[in-house]
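Trainee: Sequence:
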Amino acid sequence: MFMYGNIRSYSLLILILLIIAVIAGSIFDAFFYLLLCGLLGLVVLGAFFFLRSRNRFQEVEEDHLDNMLGMPTRFSYEELKNITKNFSNKLGEGGFGSVSQGTLPSGSQVAVKHLFGIGPVNKSFVAEVQTIGSIHHFNLLIEKDQSQVVTSMRGTPGYMAPEWLSLVITQKVDVYSFGIIVLEVLCGRRNIDGSQQEEDRHLLKLFGIKQDEGQLLDLVDKCSDDMQSNAVEVVEMTKVAAWCLQTDYARRPSMSAVVKVFEGSVDVVIDMDEDLLNELAPDVGESFATTVLPSMLSGP
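Under numbering that gives the first Met the number 0, the residue at position 108 of the sequence shown is numbered 107, and the numbers go up by one with no gaps.
These are calculated hints, taken from the structure and not from any lab test. Bear in mind that the values here come from a model prediction, so they are computed numbers and not experimental data. Be aware that a few hints might be false.
Stated by the list, open to error - Listed below are the simulated DSBU-like cross-link pairs for lysine-lysine, each with C-alpha atoms no more than 30 Å apart in a straight line: (1) K259 x K209; (2) K112 x K84; (3) K112 x K89; (4) K221 x K209; (5) K259 x K204; (6) K204 x K221; (7) K80 x K112; (8) K221 x K259.
Said to hold, decoys possible - Label pairs and their calculated CB-CB ranges: (9) V42 x N85: 37 to 43 Å; (10) N88 x Q195: 38 to 44 Å; (11) F49 x S87: 36 to 42 Å.
Glycine included, C-beta positions come from ideal geometry on N, C-alpha and C.
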């Protein structure tokens, strides 16, 4: 059975051929007219069999989708129209189609993507549907009166915030990790670098030493001309890193505040009376802590 788009194309082709045949019959004699009709008939038959074979291929492809592991539940077009109330509540639109909000009979809210046009199923789209259909993520929502989540420790050594040790996690753990990354970019090295000498292996430890000495610019990547020639901006970025690396997560900024600092709309606000540094990796043997004062962050 042909899809609607194929039927419309096939009917249009027949109509065009008939018009050509009528015009040709009024111009040429009977022999050429019969010859032309025969050729047009072959074209019509060829188009018919081509469209039928393509439609069968599409049916086989759709049957294949039904049998693929990990594919979600499939709905008919009429079911999707009912779910979305004829695609009336549009959430957005892209280059390949629009997305509408719908409600399943069970009451679950869903988003339905309505592709533009009718054609063979794109392989990348099939792969996307298969991947999304196999995902069953954990419920990460918390109650309104909760401000922190108790969970197990997972993360990359050198980037984890101090509160990981107590397993009391807030959104500020990512802010701490961001501070580490800023420091790494400025210094041109990793936080924990086994290729360095023992006393230089841990960047946070060096950061504490250099801030006490008032020589933070000594840590700046010496291989980067941009870093060396923009000392003022580098010091400001160092302040941002220190702001994000406070041990007390309540004193760390939100990422929106960090963005405003980068945009130049606000200044770094450092009001710390707690230790700056996280406990270092277990192979260090002891933790290193220091207090960050605004005067120490200015550099020479």
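Trainee: Against this structure, judge whether each hint is valid.
Mentor: Checked hints:
no.	hint	in the structure
1	K259 x K209	holds (27 Å)
2	K112 x K84	holds (14 Å)
3	K112 x K89	holds (10 Å)
4	K221 x K209	holds (15 Å)
5	K259 x K204	holds (28 Å)
6	K204 x K221	holds (19 Å)
7	K80 x K112	holds (11 Å)
8	K221 x K259	holds (28 Å)
9	V42 x N85: 37 to 43 Å	holds (39 Å)
10	N88 x Q195: 38 to 44 Å	violated (58 Å)
11	F49 x S87: 36 to 42 Å	holds (37 Å)
Checked against the numbered hints given earlier, this structure breaks only hint 10.
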